[in-house]
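Visitor: Dock chain B against chain A, hints included.
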Amino acid sequence: MDKYIWLIPLLPLAGFIINGLGRNALPKNVIGFIGSLLVLVSFGLSVAAFFQIKASGVPINVTLFEWVSVGNLKIPFAFLVDQLSAIMLLIITGVGFLIHLYSIGYMHHDAGFGKFFAYLNLFVFFMLLLVLGSNYLIMFIGWEGVGLCSYLLIGFWFTNPSYADAAKKAFLMNRIGDLGFLIAVFIIFNVFGSIAFADVFGKAASMPSGNTTLLVITLLLFVGATGKSAQIPLFTWLPDAMAGPTPVSALIHAATMVTAGIYMIARSNILFTLSPVTLEVISIVGLATAVFAALIALTQTDIKKVLAYSTVSQLGYMFLGLGVGAYTGAFFHVLTHAFFKALLFLGAGSVIHAMSDEQDMRKMGGLKGKLPITFTTMLIGTIAISGIPPFAGFFSKDEILAHTFEHSTTLYVIGVITAAFTSFYMFRMLFLTFFGKFRGTHEQEHHLHESPATMTIPLIVLAILSVIGGFIGVPEVLGGHHELEHFLAPVFEPSTKLMGEHHLTHSTEWILMAVSVGAAVVALGYAYLKYISKSHVPVSDTEERPLLANLSYNKFYVDELYNLIIRKPLDALSNFLYKVVDLLGIDGLVNGLGKGSIEASRGLRLLQTGNVGFYIFMMVVGIVAILVYGYTLVN
Amino acid sequence: MTVSILLFLPVVAAIIVAFIKNGAAKHAALFFAVAELALAAVFLSRFVPDASTQFLITTSWIPKLGIYFTAGIDGISMVMVLLTTLLVPLIILTTYKHEYKNAGAFYALILFMQAGLLTVFTALDGFLFYVGWEAALIPIYFICALWGGENRIKVNIKFFIYTFAGSLFMLIGIIYLYMHAPAKTYELGDLYKAVLDPHQQSWVFWAFFIAFAIKMPIFPFHTWQPDTYTEAPSAGTMMLSGIMLKMGIYGVIRWLIPNAPSGFLQWQNLAIVLSIIGVVYASLIAFNQKDGKRLIAYSSIGHVGLIAAGIFAFNVQGIQGAMIQMLNHGINVVGLFFIWDIISRRTNTRDISQLGGIAKVAPNFAIAFLIITLGTVALPLTNGFIGEFLLLKSVFNYDIWLSAIAGLTIIFGAVYMLRMYKNTMQGEANALTAVFADISGSEKLVLGIICALIIIIGVYPQPILHISEAAVTNLVREVEEKLVNVAGKGY
Chain A
0 MDKYIWLIPL LPLAGFIING LGRNALPKNV IGFIGSLLVL VSFGLSVAAF FQIKASGVPI
60 NVTLFEWVSV GNLKIPFAFL VDQLSAIMLL IITGVGFLIH LYSIGYMHHD AGFGKFFAYL
120 NLFVFFMLLL VLGSNYLIMF IGWEGVGLCS YLLIGFWFTN PSYADAAKKA FLMNRIGDLG
180 FLIAVFIIFN VFGSIAFADV FGKAASMPSG NTTLLVITLL LFVGATGKSA QIPLFTWLPD
240 AMAGPTPVSA LIHAATMVTA GIYMIARSNI LFTLSPVTLE VISIVGLATA VFAALIALTQ
300 TDIKKVLAYS TVSQLGYMFL GLGVGAYTGA FFHVLTHAFF KALLFLGAGS VIHAMSDEQD
360 MRKMGGLKGK LPITFTTMLI GTIAISGIPP FAGFFSKDEI LAHTFEHSTT LYVIGVITAA
420 FTSFYMFRML FLTFFGKFRG THEQEHHLHE SPATMTIPLI VLAILSVIGG FIGVPEVLGG
480 HHELEHFLAP VFEPSTKLMG EHHLTHSTEW ILMAVSVGAA VVALGYAYLK YISKSHVPVS
540 DTEERPLLAN LSYNKFYVDE LYNLIIRKPL DALSNFLYKV VDLLGIDGLV NGLGKGSIEA
600 SRGLRLLQTG NVGFYIFMMV VGIVAILVYG YTLVN
Chain B
0 MTVSILLFLP VVAAIIVAFI KNGAAKHAAL FFAVAELALA AVFLSRFVPD ASTQFLITTS
60 WIPKLGIYFT AGIDGISMVM VLLTTLLVPL IILTTYKHEY KNAGAFYALI LFMQAGLLTV
120 FTALDGFLFY VGWEAALIPI YFICALWGGE NRIKVNIKFF IYTFAGSLFM LIGIIYLYMH
180 APAKTYELGD LYKAVLDPHQ QSWVFWAFFI AFAIKMPIFP FHTWQPDTYT EAPSAGTMML
240 SGIMLKMGIY GVIRWLIPNA PSGFLQWQNL AIVLSIIGVV YASLIAFNQK DGKRLIAYSS
300 IGHVGLIAAG IFAFNVQGIQ GAMIQMLNHG INVVGLFFIW DIISRRTNTR DISQLGGIAK
360 VAPNFAIAFL IITLGTVALP LTNGFIGEFL LLKSVFNYDI WLSAIAGLTI IFGAVYMLRM
420 YKNTMQGEAN ALTAVFADIS GSEKLVLGII CALIIIIGVY PQPILHISEA AVTNLVREVE
480 EKLVNVAGKG Y
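For the protein sequence lines, the chains are A and B, in the order given. Heads up: the first sequence at position 536 corresponds to 535 in numbering that gives the first Met the number 0, and the numbers run straight through without jumps. Heads up: the second sequence at position 416 corresponds to 415 in numbering that gives the first Met the number 0, and the numbers run straight through without jumps.
Read the hints as simulated data drawn from the structure, not as lab findings. Do not take every clue at face value.
[Said to hold, decoys possible] Here are the simulated lysine-lysine pairs, BS3-like style, with alpha carbons at most 30 angstroms apart: (1) A:K594 to B:K157; (2) B:K100 to B:K20; (3) A:K27 to B:K359; (4) B:K443 to A:K27; (5) B:K289 to A:K578; (6) A:K304 to B:K359; (7) A:K27 to B:K63; (8) B:K421 to A:K567; (9) B:K20 to A:K594; (10) A:K73 to B:K481; (11) B:K481 to B:K192; (12) A:K533 to A:K304; (13) A:K436 to A:K369; (14) A:K594 to B:K100; (15) A:K202 to A:K73; (16) A:K554 to A:K533; (17) B:K289 to A:K567; (18) B:K421 to A:K554; (19) A:K578 to B:K192; (20) B:K20 to B:K481; (21) A:K567 to A:K304; (22) B:K421 to A:K304; (23) A:K578 to B:K153.
[Said to hold, decoys possible] Short derived list, chain A residues pointing at chain B, Cβ under 7 angstroms: (24) V69; (25) G70; (26) E143; (27) W156; (28) P160; (29) A163; (30) K167; (31) L171; (32) R174; (33) S573; (34) N574; (35) L576; (36) Y577.
C-beta: ideal position from N, C-alpha, C; glycine also.
One chain only, chain A, in its complex shape (with noise of 0.2 angstroms):
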């Protein structure tokens, strides 16, 4: 297997490629047979890196070629399949091929389709050189290169100038967290001196726990990771990132790039282990932002949006893992998020394809019966994100849960609450768009249909996946054996040997399940009331809200504090700097002093005509009269 490595990440580059050069000469089935074809089999070689990884339990390291070599800095272009590796291989090609497959059927009447492919290809290339790298530069490779897909792709429909400037956006927040990474891993070389994986944890693994150095290391890695998975403070460009084609949104902003954060962090758990103040700080972060985004997901009305907030609520739950020192729990939800979530998202898609691009739930209601197999995978993917047992979300948010619990029970409360919201947004959103009556326009109605089968398959695969995918990781308290753990314990070895080993008692675990349980069962029935027994429709944007819902509805006015403290004062500061100290400034002083010789020089004008023509004929005459002088003298 350790021979066709490098294939996995080359198969979609080739797609890319093909399909790059190709996207207006191909015909459309082709394109999508070949953008797909090419994933589905880059999934095939990374199920059997997996079983090779599951069976001998040792590594794959794989060395291509040199890539940069500058004195004592060395950066080869390497690989490393794992275990976490391998599991983040299999979803990216895996859920990325079920995307991929949709997409034939939802993007087939864009004129963009071959372009689209292309994109999409693309992406999955620098998606799996982000979790193949060996070191953090391969790493950092992907991980912009991935920023800079989903620029392209959330820009798609770029005619749009407010969906070009989401694209920006995007990269722009992805920016200032990739400028902490770098820094970052600049300082990992110096202290370790080597940006490999394997000299610097190996190394880390010696040395004290609160150390400054790696607390600066861990808190500028985990900047990157709030950029690259849109965390407090750099959250709010995922929302807009809507604005990309639907499966764009399932795979880029749900499933894989979202999470790379916390893949980042759980590679280098040992750094994070070790900065007990990072863990604290990232479960802070993580904790708040999963609240605030769920208070916003409560009011809004665009369905995608309800997703996004959602997404950005559920890393945040992620982050609160890690933080709290859950790194297998935390990796478990980047798992079954990657399918609950990309099967709410190509649901939600199958929805706004069907309601000919309407995504205002306020104009939906009453689908179910039109759509029978969107709606029911959907409300599988809904109750697997609310975290009702025994479908795939319960067990891993109940392993966060828990492990906060043993931290603190004030986040545990908190995480619970925000479970209850998270349960109430997802079944307002079904109701609200599956339930009650028709609310669209008669042409709409009319066109009402269930999308073909290159869009069903992959809901019904996914569907499943949610359903099923808790499976590999049920605790022992619900006699299972927890697969996952087992799996992943060698690459949290070094830390799980520094955390030690403590354990809640079985009651305890039990009451702790049937709290969150509870919660997300009572949100539920609330819901219930609230939009099917009362039939209550949000109201339309021009009637006024309370004020908290008017905050939640309009996002608590974080972009347009973010636009008041930090786009207008940087454009104020650079019109200042332009106009006032650079052209009257610096330059009127140049100019003064330009003037000021000419003044002085008046007396010697005589002998000088003023023409920079004449001195430089001057000149010129003077260089061949030494040219040729010189030339007398050899000869």
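Guide: Showing chain B alone in chain A's frame:
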């Protein structure tokens, strides 16, 4: 085989092209420029990437004054030769859709300038270096003065006086070194041996620094640059920004630091801080520029500031980063000015706010613009990344806070580049841009080559880094040894 062939071919070419009448001049110029590139390729193929100087020529020139025609190529010069010989044919090709009056003279000046530039990059004699320096300046002065925009005369006088004043300081510096050189020659090796105390070195530092800082330019010596870049004809702007400003950077590496190491050490901090101020300052100013060409001019100040900072931090990674980034900046900035040349030729405006929606009507142009934009914002796997990475790493080795400030370039650079891209290419087309014709012919060829270079160097930068590695390592070691010796003498 000596470097003299490389220096004289463009002179001969310039003389021939000067006499060719209008239409054929560009073809002849392109032919000679490609021949020069091929010749450079021959040199590269015979070049041994060790620390030695190769293809050396030493001819007595004005022996009474200790002036020799000494030139040669080591790894550092090799990269500069590649930069020059690669960009000149590309730049000539960008003019293929222009019709110039007195085309023969125009192309002759470009070729003559190439000879001057190559002399600067290979000269190992202070006097020859100075001659090359001025010989590169004079043609560009005429190019700007005769073929430039409306305000060309006023802007050009300022440009000329400013940079010429700078080079006079350098001439004083060279003569001062010569007076202290043990063998009383202008040969670089001899100048290196001049024994100067730190105070004297401080003066030498400033004499060179002012000349180089103006040429690059470094903040606050930059105000001639935006006007000149904006008013010059596109090909002139490309010669200036793509190649000529690198004379200043090269000068710092070869002439400033090794000639006055302890002078440099005294002012190192100031030099880095000025360079980094330039990075942030120019990037911020670029945010809201309305004229596309002027925006690129300011962005160039920012990028060059980072290169300068990386060199002044003085370590192998920084100088290696500077070497590859000089090449990359040359490629990218020529691409960007060509993009604006195409836009302004098609729409008669460079006002960004009047544009928009071009991507829809000219997809190939949009792809090229995007790739060059990505190279400029230093996305990994494009050429800009590894250079910027090494330069920031170098500044980081000097001071972590300064590297964080300089690192703002990766954010700010993306701000102005993506703003510009969005406002020109994205959105709906308007009356002005709706009829924008996609690139064709020579435009496609130039942009295709530039995009290919951006990606190839980005994916596999090592061969280029390898060319200069030994020479740079050697140079850094020699300077460090010199500093140790000076410290040993109790200075």
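Visitor: Work down the list of hints and note, for each, if the structure agrees.
Guide: Against the structure, the hints:
Restraint check for K594 (chain A) and K157 (chain B): the C-alpha separation of about 11 angstroms stays at or below 30 angstroms, so the hint holds. At roughly 10 angstroms between alpha-carbon atoms, K100 (chain B) and K20 (chain B) fall within 30 angstroms of each other, so this suggested pair holds. With a C-alpha separation of about 20 angstroms, the suggested pairing of K27 (chain A) with K359 (chain B) holds against the 30 angstroms cut-off. Proposed proximity of K443 (chain B) and K27 (chain A) is supported: the alpha carbons are some 27 angstroms apart, at most 30 angstroms.
Pair hint K289 (chain B) plus K578 (chain A) holds up; C-alpha atoms about 13 angstroms apart against a cutoff of 30 angstroms. The suggested pairing of K304 (chain A) with K359 (chain B) holds, with an alpha-carbon distance near 28 angstroms, which does not exceed 30 angstroms. The suggested pairing of K27 (chain A) with K63 (chain B) is violated, with an alpha-carbon distance near 77 angstroms, which exceeds 30 angstroms. For a cut-off of 30 angstroms, the pair hint linking K421 (chain B) to K567 (chain A) stands: about 19 angstroms separates their Cα positions.
Only pairs whose Cα atoms come within 30 angstroms are accepted, and K20 (chain B) paired with K594 (chain A) is rejected, the gap being roughly 41 angstroms. At most 30 angstroms may separate the alpha-carbon atoms for a hinted pair to count; K73 (chain A) and K481 (chain B) meet this at roughly 28 angstroms. Only pairs whose Cα atoms come within 30 angstroms are accepted, and K481 (chain B) paired with K192 (chain B) is accepted, the gap being roughly 10 angstroms. About 24 angstroms separates the Cα atoms of K533 (chain A) and K304 (chain A), which keeps this hinted pair within 30 angstroms; it holds.
Restraint check for K436 (chain A) and K369 (chain A): satisfied, since their Cα atoms lie roughly 12 angstroms apart, inside the 30 angstroms limit. Of the pairs offered as hints, the one joining K594 (chain A) and K100 (chain B) is violated, with about 33 angstroms between alpha carbons and a cut-off of 30 angstroms exceeded. Taking the CA atoms of K202 (chain A) and K73 (chain A), the gap is near 18 angstroms; set against the 30 angstroms cutoff, the hint holds. Only pairs whose Cα atoms come within 30 angstroms are accepted, and K554 (chain A) paired with K533 (chain A) is accepted, the gap being roughly 26 angstroms.
Between the alpha carbons of K289 (chain B) and K567 (chain A) the distance comes to roughly 17 angstroms, so the proposed pair stays at or under 30 angstroms and holds. As the CA atoms of K421 (chain B) and K554 (chain A) are separated by approximately 26 angstroms, the hinted pair is consistent with the 30 angstroms bound. With a C-alpha separation of about 47 angstroms, the suggested pairing of K578 (chain A) with K192 (chain B) is violated against the 30 angstroms cut-off. With a C-alpha separation of about 54 angstroms, the suggested pair K20 (chain B) and K481 (chain B) falls outside the 30 angstroms cut-off, and the hint is violated.
Only pairs whose Cα atoms come within 30 angstroms are accepted, and K567 (chain A) paired with K304 (chain A) is accepted, the gap being roughly 26 angstroms. For a cut-off of 30 angstroms, the pair hint linking K421 (chain B) to K304 (chain A) stands: about 24 angstroms separates their Cα positions. Annotation: proposed proximity of K578 (chain A) to K153 (chain B) holds, straight-line Cα distance about 20 angstroms (limit 30 angstroms). At a threshold of 7 angstroms, the smallest CB-CB gap from V69 (chain A) to chain B is about 5 angstroms, leaving the interface hint in force.
Look at G70 (chain A): its Cβ gets to within about 4 angstroms of chain B, closer than 7 angstroms, so that hint holds up. Given hint, E143 (chain A) at the interface with chain B, holds; its Cβ is 5 angstroms from that chain's nearest Cβ, closer than 7 angstroms. The interface hint given for W156 (chain A) is violated, since its Cβ lies 10 angstroms from the closest Cβ of chain B, which is over the 7 angstroms cut-off. Proximity of P160 (chain A) to chain B holds as hinted, the smallest CB-CB distance being about 4 angstroms (cut-off 7 angstroms).
Interface hint status for A163 (chain A): upheld, as the beta-carbon distance to the closest one in chain B is roughly 4 angstroms, under 7 angstroms. Annotation: interface hint on K167 (chain A) holds; nearest CB of chain B at approximately 5 angstroms, less than 7 angstroms. Against a cut-off of 7 angstroms between C-beta atoms, the interface hint on L171 (chain A) holds, since the closest Cβ of chain B lies about 6 angstroms away. Satisfaction of the interface hint for R174 (chain A) is found here, the shortest Cβ-Cβ separation to chain B being roughly 5 angstroms, below the 7 angstroms cut-off.
Taken as an interface hint, S573 (chain A) checks out: its beta carbon lies about 4 angstroms from the nearest beta carbon of chain B, inside 7 angstroms. Look at N574 (chain A): its Cβ gets to within about 6 angstroms of chain B, closer than 7 angstroms, so that hint holds up. Interface restraint check for L576 (chain A): the shortest CB-CB distance to chain B comes to about 5 angstroms, inside 7 angstroms, so the restraint holds. Interface restraint check for Y577 (chain A): the shortest CB-CB distance to chain B comes to about 5 angstroms, inside 7 angstroms, so the restraint holds.
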